[in-house]
Amino acid sequence: MSTSIEAPASSDTLIGIECTQCQMRAFPPAEICSNCLSEDLATVELPRDGTLYASSIIRVGPKTRTVPYGVGYVDLEGDVRIFVHFDPANPLAPGDQVHLHVGEDGVPVAESAEAV
Amino acid sequence: MREVCVVGTSMIAFGRYPERDYTQLAVPAIIGALKDAGATKADIEVTYCGHSYGGMLTGQRILRGLGLTGPPVINIDNACSSGSTALREAFIAVGAGIHDVALVIGVDKLTQFGGGPLPLAAEDWEVSNGMVMPAVYAMRAQRYLKERDATVEDLARVSVKARQHGARNPLAQQQTTVTLDEVLESRPIADPLTLLQCCPTGDGAAAAIVCSREVADRFTGTPITIRASSLHSGRFTPGYRDMATAEITVKTASEVYEAAGIGPEDLDVVELHDAFTIAELMYYEALQLCAPGKAVGLLLDGETSLGGRIPVNPSGGLLAKGHPIGATGIAQLVEVVRQLQGRCEDRQVEGAKVGLIHATGGGISGLDHGACAIHILAR
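These protein sequence lines map, in sequence, to chains A and B.
When you number the first sequence by my numbering, it's gap-free, plus one each residue, and the end is 117.
When you number the second sequence by my numbering, it's gap-free, plus one each residue, and the end is 477.
Incorrect hints may appear among the rest.
Claimed, not checked - With the Cβ distance kept under 8 Å, some of the chain A side facing chain B (calculated, not the full set):
1. Cys-37
2. Glu-40
3. Arg-49
4. Ala-55
5. Ile-58
6. Val-61
7. Arg-66
8. Thr-67
9. Arg-82
10. Pro-95
11. Val-108
What the hints assert, rightly or not - Residues from chain A that face chain B, not an exhaustive set, calculated with beta carbons under 8 Å:
12. Arg-26
13. Pro-29
14. Ser-57
15. Pro-63
16. Lys-64
17. Val-72
18. Asp-76
19. Asp-80
20. Val-81
21. Phe-84
By construction, these hints were calculated from the structure, which means they are not laboratory data.
By construction, the Cβ of each residue, glycine as well, lies at the ideal position given by its N, Cα and C atoms.
Please build the complete structure, drawing on both the sequences and the hints.
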C-alpha cells in the first residue's frame with residue numbers, strides 16, 4: 002500500500018518515490034508506479050543538486066500568476082527530471098549545475114550552484 | 099478496410115468572433131461542406147465533432163438547429179488534435195463499413211477566455227504550478243537552438259514564411275506579412291519566443307464530408323482519398339527525455355508512411371502543426387522532410403515555401419491562419435484536399451497529388467504531447 006505523501010512546504014528535503022519492484026523514481030510522488038503498476042512505493046529523499054535541462058522566463062502567463070516567473074526542468078541523478086521554479090533575475094541555462102530547495106508552494110526552486 | 103474519401107470541405111475565416119457561439123461558428127462550415135459535396139441532410143449518417151472547450155454535447159448543440167441530430171453524434175477532445183481525431187474516427191467507421199457517409203466538424207472558440215495562454219487542465223501538477231504551452235515550446239526552442247547550432251533569427255523566419263503564405267489565404271486570421279525584425283521585436287511571451295512566434299488566439303470552424311469510395315459518385319466534389327491515418331498519445335516518463343526531438347511525431351509519421359505505402363519524398367504538400375515557430379523546425383525532422391539537423395537549411399533554402407520542393411503550410415499554418423484548437427485538424431484537411439483538387443489559386447502547389455496533415459495536441463507534464471494525428475491524402 003502506498004502512503005499518501007505531500008511534499009513538505011519550505012523544506013530542505015526533496016521527497017520523491019521509488020518503486021520497490023522496479024526501482025523507478027518519480028517526483029512529485031505518485032500513488033502507483035507508471036512503469037510496472039506496483040502500488041508498493043517507498044518515499045526517498047532525492048538529491049538537491051542537479052543539472053538544468055531547459056528553462057524559460059514566462060512573461061505572459063495565467064491571470065492567477067505575477068509575471069515574469071521562471072520555470073524549468075532539472076535532471077537529478079537516477080533518471081529523475083523535476084519541474085522547478087527559478088528567480089528570473091538570475092536566469093539559468095542548459096547545463097548549469099543547480100542547487101534546489103523546496104518553496105512554500107511545494108515546488109522545487111533552482112538556483113545556480115555557483116551562487117550558493 | 100474500404101477506400102475512404104473526402105468529397106466536400108468548408109471552413110469559415112478564422113478570427114476573433116466573441117459575439118458568436120459554437121453553433122454560429124460551425125453552422126456556416128457545415129452548410130458550406132454540404133454544398134461543396136452536393137450533399138443533403140439525408141446523406142449524413144453520423145457526425146464526429148472535434149472540440150476542446152465547447153462543453154457537454156457541443157456536436158448536438160450545433161446540429162440541433164439544422165435538424166441533423168437523430169443519427170449518432172460523437173464529440174471528441176484530444177486538445178489540438180481533436181479535429182484530426184474526429185477525422186480518424188470517421189475514416190475508421192466508414193472504412194469498416196459501419197457508415198457510408200460521415201460529417202466531420204472541428205470547432206473551438208478561444209476568445210471566450212479573454213486572451214493569454216490557453217487554460218490547461220489544472221489537475222496537472224506542472225500546470226497548476228504555472229506551466230503554460232508557450233513555455234513548453236520555449237524550452238524546446240532553447241534546447242534545439244543549443245543542440246542544432248541554430249539562432250532565434252532562424253526561428254523567426256518560420257513566422258515570416260507563414261505570414262507570406264497566409265497573406266494569400268482569404269480565410270487566414272492574419273492577412274498581412276511581417277518582417278524578421280517585427281517578429282523578433284514583438285512582445286516577449288516566454289523566452290526566447292515572442293508574440294509573433296506564437297499562433298494567435300482566435301475562433302473558427304471547419305467541416306468535411308467523408309464517404310466510402312463506392313458512394314462517392316453520389317456527390318459532386320472531386321473525391322480525395324484518405325490513404326492512411328495514424329494516432330498516438332505521448333509516452334510518459336518521469337525521467338530524462340529529449341525535448342528537441344518530437345518523439346510522438348517521429349513514431350506516428352513512420353507508421354503512417356508505412357500504412358500509406360509512401361515515403362516523405364512522395365509528398366507534394368504538407369500542413370503541419372506550427373503552433374510556435376520552433377515546432378515547424380522540429381517537425382521537418384520528425385516528419386523526415388529532411389535529415390536531423392537540416393531543418394534550418396530546408397527553411398532558409400526556400401524548400402518549404404510556395405514554389406519550393408515541399409511547400410509546408412501554404413494556408414499560412416497555425417501561425418498565420420490561426421489555431422482555434424479543435425478546428426485546426428479539419429482546417430488542415432480543407433487546405434490539403436483543396437490543394438489536391440487544384441482550387442487554391444495564388445497559393446496553389448502546382449500538380450499536387452499527395453499531401454500530409456499533422457496535428458499534435460496539448461500539454462501534459464512528462465509527455466512530448468498528449469496526442470499526435472497524421473493523415474495522408476491523395477488524388
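How the hints compare with the structure:
About 13 Å separates the beta-carbon of A:Cys-37 from the nearest beta-carbon of chain B, more than 8 Å, and the hint is not met. The closest approach between the C-beta of A:Glu-40 and any C-beta of chain B is roughly 16 Å, which is over the 8 Å cut-off, so the hint fails. Restraint check, A:Arg-49 versus chain B: the minimum CB separation of about 17 Å is more than 8 Å; hint violated. For the restraint placing A:Ala-55 at the interface with chain B, the shortest Cβ-Cβ distance is roughly 4 Å, inside the 8 Å limit, so the hint holds.
Proximity of A:Ile-58 to chain B holds as hinted, the smallest CB-CB distance being about 5 Å (cut-off 8 Å). About 5 Å separates the beta-carbon of A:Val-61 from the nearest beta-carbon of chain B, less than 8 Å, and the hint is met. The restraint placing A:Arg-66 at the interface with chain B holds, with a minimum CB-CB distance near 5 Å, inside the 8 Å limit. Checking A:Thr-67 against chain B: minimum C-beta separation of about 10 Å lies over 8 Å; hint violated.
Here the hint on A:Arg-82 is kept, as its CB sits about 6 Å from the closest CB of chain B, short of 8 Å. Restraint check, A:Pro-95 versus chain B: the minimum CB separation of about 6 Å is within 8 Å; hint holds. For the restraint placing A:Val-108 at the interface with chain B, the shortest Cβ-Cβ distance is roughly 5 Å, inside the 8 Å limit, so the hint holds. Interface restraint check for A:Arg-26: the shortest CB-CB distance to chain B comes to about 7 Å, inside 8 Å, so the restraint holds.
Against a cut-off of 8 Å between C-beta atoms, the interface hint on A:Pro-29 holds, since the closest Cβ of chain B lies about 6 Å away. Proximity of A:Ser-57 to chain B holds as hinted, the smallest CB-CB distance being about 4 Å (cut-off 8 Å). Interface restraint check: A:Pro-63 against chain B, minimum CB-CB distance 7 Å, threshold 8 Å, status holds. At its closest, the beta carbon of A:Lys-64 sits 7 Å from a beta carbon of chain B; the interface hint therefore holds under the 8 Å criterion.
Here the hint on A:Val-72 is kept, as its CB sits about 5 Å from the closest CB of chain B, short of 8 Å. Nearest Cβ of chain B to the Cβ of A:Asp-76: about 6 Å, under the 8 Å cut. The hint holds. At about 4 Å, the closest approach between the beta carbon of A:Asp-80 and any beta carbon in chain B falls short of 8 Å, and the interface hint on this residue holds. Interface hint at A:Val-81: satisfied, since its Cβ lies 6 Å from the closest Cβ of chain B, which is below the 8 Å cut-off.
Interface restraint check: A:Phe-84 against chain B, minimum CB-CB distance 5 Å, threshold 8 Å, status holds.
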